[in-house]
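Asker: Residue-level listing of the chains:
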Amino acid sequence: MTSTRPQLAFALMDPPFESARTTTAFRLLAAAAQRGCDLKVFAYEGAVLLPFAKQQAHPNAVHGRSLEEENHPLPKDIVAALIAEAARHGGSLDWINCGLCVDERGAGEAIVGVRRGSPSDFWQMAQNACNTLVIPTRG
Amino acid sequence: MKVLNIIESAYRATIEEQDDTILWLMHTLKGAGATLDVVLRGDAVGYAACGQDASGLVFGSWQQTEPPRIEQQLGNLVAKGATVYALADDLTARGLAPGELLPGVQALHQPALTGLLPQYDCIWHW
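Line by line, the protein sequences are chains A and B.
Just so you know, the first sequence maps onto residues 66 to 204 in our numbering.
Just so you know, the second sequence maps onto residues 197 to 322 in our numbering.
No lab work stands behind these hints, which were simulated from the structure alone.
We put the beta carbon where it would ideally sit given N, CA and C, even for glycine.
Treat the hints loosely; a few may be bogus.
As the list claims (entries may be wrong) - A few chain B residues that face chain A, going by a derived Cβ cut-off under 8 angstroms, partial list only:
hint, residue
1, THR217
2, SER251
3, HIS321
4, TRP322
Construct the entire structure; sequences and hints are all you get.
Answerer: Right under this line is the structure:
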């Protein structure tokens with residue numbers, strides 16, 4: 066059965082801890098998730114590391130905070146939270162990592178809910194979506 | 197669905213990836229049945245120049261045997277039916293004359309770009 070919920074597609078490219086564009090992308094995804102949208106994300110290039118399962122938090126001596134106090138933001142946790150948030154509001158977040166980009170970065174260990182795909186999945190997403198936003202790497 | 201792809205980010209990771217990754221994506225989307233055209237702007241207009249050669253990279257005993265061939269990559273996209281434009285002002289600013297462009301690449305003036313946009317279902321700015 067076809068969903069009647071609005072479907073939005075996103076292409077993300079920036080790797081974790083490198084760009085505020087990713088934070089903006091997460092904000093947009095959160096806003097759409099809270100409105101019950103069906104969200105499709107195609108992670109291309111460095112963005113395939115956003116849901117990389119082996120990311121680790123750390124304490125920060127300069128901040129004077131322990132591991133627990135620092136609560137270092139990990140993109141994998143944000144992706145997981147966004148997937149859960151979308152489901153909680155009756156929508157969904159389908160995150161597809163570009164398979165070749167995963168291979169060249171050794172980023173195969175992704176969190177639950179992330180799957181491997183190809184640019185043809187992105188084209189399929191774009192065709193089915195109300196609109197598509199690409200947030201490319203700059204520089 | 198018809199998509200106009202404006203490519204502005206240029207020469208980013210082209211050595212590591214052995215191509216421009218957005219042009220690569222255009223090829224794969226074409227293969228998936230996409231109808232798409234390309235506008236090169238900013239430094240990306242350099243992709244339309246004839247005679248590019250990125251070969252010869254060597255680090256110690258490591259040699260890059262398959263360098264990026266962006267000229268060929270772009271030419272193949274034209275051959276697959278994509279219309280490729282390059283913004284005229286950006287070409288001029290970089291000293292590229294129309295006669296130095298790859299066959300099939302069309303110089304496009306900014307006002308014409310504005311008129312082009314409504315012809316597409318989506319505009320993706322890379």
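Asker: Any CB of chain A closer than 8 angstroms to the CB of TRP322 (chain B)?
Answerer: holds (4 angstroms)
Asker: Using Cβ atoms only, decide whether THR217 (chain B) comes closer than 8 angstroms to chain A, and label the hint accordingly.
Answerer: holds (6 angstroms)
Asker: Let me know if the C-beta of SER251 (chain B) comes in closer than 8 angstroms to any C-beta of chain A, holds or violated.
Answerer: violated (21 angstroms)
Asker: Double-check HIS321 (chain B) for me: the hint is only fine if its C-beta lies closer than 8 angstroms to a C-beta in chain A.
Answerer: For HIS321 (chain B), the interface hint holds, since the closest Cβ of chain A sits about 7 angstroms away, which is under 8 angstroms.
Checked against the numbered hints listed earlier, the structure breaks hint 2 alone; every other hint is satisfied.
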